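Enquirer: Sequence:
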Amino acid sequence: MHQVDSFTRDLFGGNPAAVIVLEAWLEDSVMQAIAIENNLSETAFLVADEPGSYLIRWFSPICEIDFCGHATLAAAHVLFSQQPTLQELHFTTLQVGELKARRGDSGLIAMGFPSCPPHMEFETPSALLDGVSVKPSEVWRNQQAYFLVYLQQAQVEALEVNLELLKTLAPYDVVVTAPGEEHDFVSRYFWPANGGAEDPVTGSIHAGLTPFWTKRLGKDELLAYQASKRGGVLHCQQLGDRVTIAGHAKTYFEGTVFL
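Residue numbers (the working numbering): 19 to 277.
Among these hints, one or two may not hold up.
Each computed DSS-like pair below joins lysine-lysine, with the alpha-carbon atoms no more than 30 Å apart [to be verified]:
{"id": "1", "residue 1": "237", "residue 2": "153"}
{"id": "2", "residue 1": "247", "residue 2": "185"}
{"id": "3", "residue 1": "247", "residue 2": "268"}
{"id": "4", "residue 1": "118", "residue 2": "233"}
{"id": "5", "residue 1": "233", "residue 2": "247"}
{"id": "6", "residue 1": "118", "residue 2": "247"}
{"id": "7", "residue 1": "153", "residue 2": "185"}
{"id": "8", "residue 1": "118", "residue 2": "268"}
{"id": "9", "residue 1": "153", "residue 2": "268"}
{"id": "10", "residue 1": "237", "residue 2": "247"}
{"id": "11", "residue 1": "237", "residue 2": "118"}
{"id": "12", "residue 1": "185", "residue 2": "237"}
Restraint-style ranges between C-beta atoms, simulated for each label pair [claimed, not checked]:
{"id": "13", "residue 1": "189", "residue 2": "148", "range": "41 to 47 Å"}
{"id": "14", "residue 1": "271", "residue 2": "66", "range": "21 to 27 Å"}
{"id": "15", "residue 1": "145", "residue 2": "106", "range": "17 to 23 Å"}
Hints were generated in silico from the structure; no laboratory data involved. Model, not experiment: these values are computed from the prediction. All C-beta atoms in this analysis are idealised placements derived from N, C-alpha and C, irrespective of residue type, glycine included.
Start from the sequences and build out the full structure, keeping to the hints where you can.
Expert: Next up, the structure:
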């Protein structure tokens, strides 16, 4: 088993995930028990399919989930570290089709996702506005989350939330975002509706943030910062109806699970 900090160059930053490469799938109940034992937001399990291609599944401590960006980056980091001549990986998932990860310069790993742009929300739930300490200037939504748009980075960084109110927005999570000072944009991500509080760094939501800020800022390549306590940097690029999200990762430890 490997534990990796994703979307960071430094230990104790980014978003931690566990990665376990298997010869064959374990029972679902065993993988769920391992995820509970790890007590990280996600554990990625992989089984080799053919050279450079793997089946991948993700488990939170609560249940199996459809997709996880930072755990996929962690998995790619582990596999690229083990296979230094490999340049591209293919992951087959149960719910979101095939994902690709590509080795870049200076340890950067790029992943491609379908673009999921948000749309202006005309009927904003009262629990959403009451659940944040600062009212947003705009509210948008895609299939994953409500997008609360602010004018300044400081508003995003200082924002306080009422998780009990935001939990009532299920199945939607909440992302807050603003133009950045040293980065093109910043964000924070809250997911009480799906069992968590604030996520340190969220790869998947940048499939929605990237098209939003690409259009707003008039540029296709963006540098993003997720302003959680751990923090993380994401390199984002809009390519038609696809989004490329790239980041660094750092291995924290490697060990053996005895079953």
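Enquirer: Next, verify each hint and record whether it holds.
Expert: These are the hints, each one checked on the structure:
no.: 1; hint: 237 with 153; verdict: holds (27 Å)
no.: 2; hint: 247 with 185; verdict: holds (21 Å)
no.: 3; hint: 247 with 268; verdict: holds (17 Å)
no.: 4; hint: 118 with 233; verdict: holds (25 Å)
no.: 5; hint: 233 with 247; verdict: holds (28 Å)
no.: 6; hint: 118 with 247; verdict: holds (29 Å)
no.: 7; hint: 153 with 185; verdict: holds (18 Å)
no.: 8; hint: 118 with 268; verdict: holds (19 Å)
no.: 9; hint: 153 with 268; verdict: violated (36 Å)
no.: 10; hint: 237 with 247; verdict: holds (28 Å)
no.: 11; hint: 237 with 118; verdict: holds (24 Å)
no.: 12; hint: 185 with 237; verdict: violated (34 Å)
no.: 13; hint: 189 with 148: 41 to 47 Å; verdict: violated (19 Å)
no.: 14; hint: 271 with 66: 21 to 27 Å; verdict: holds (23 Å)
no.: 15; hint: 145 with 106: 17 to 23 Å; verdict: violated (43 Å)
Hints 9, 12, 13 and 15 from the list above are not met by this structure, while the remaining hints are.
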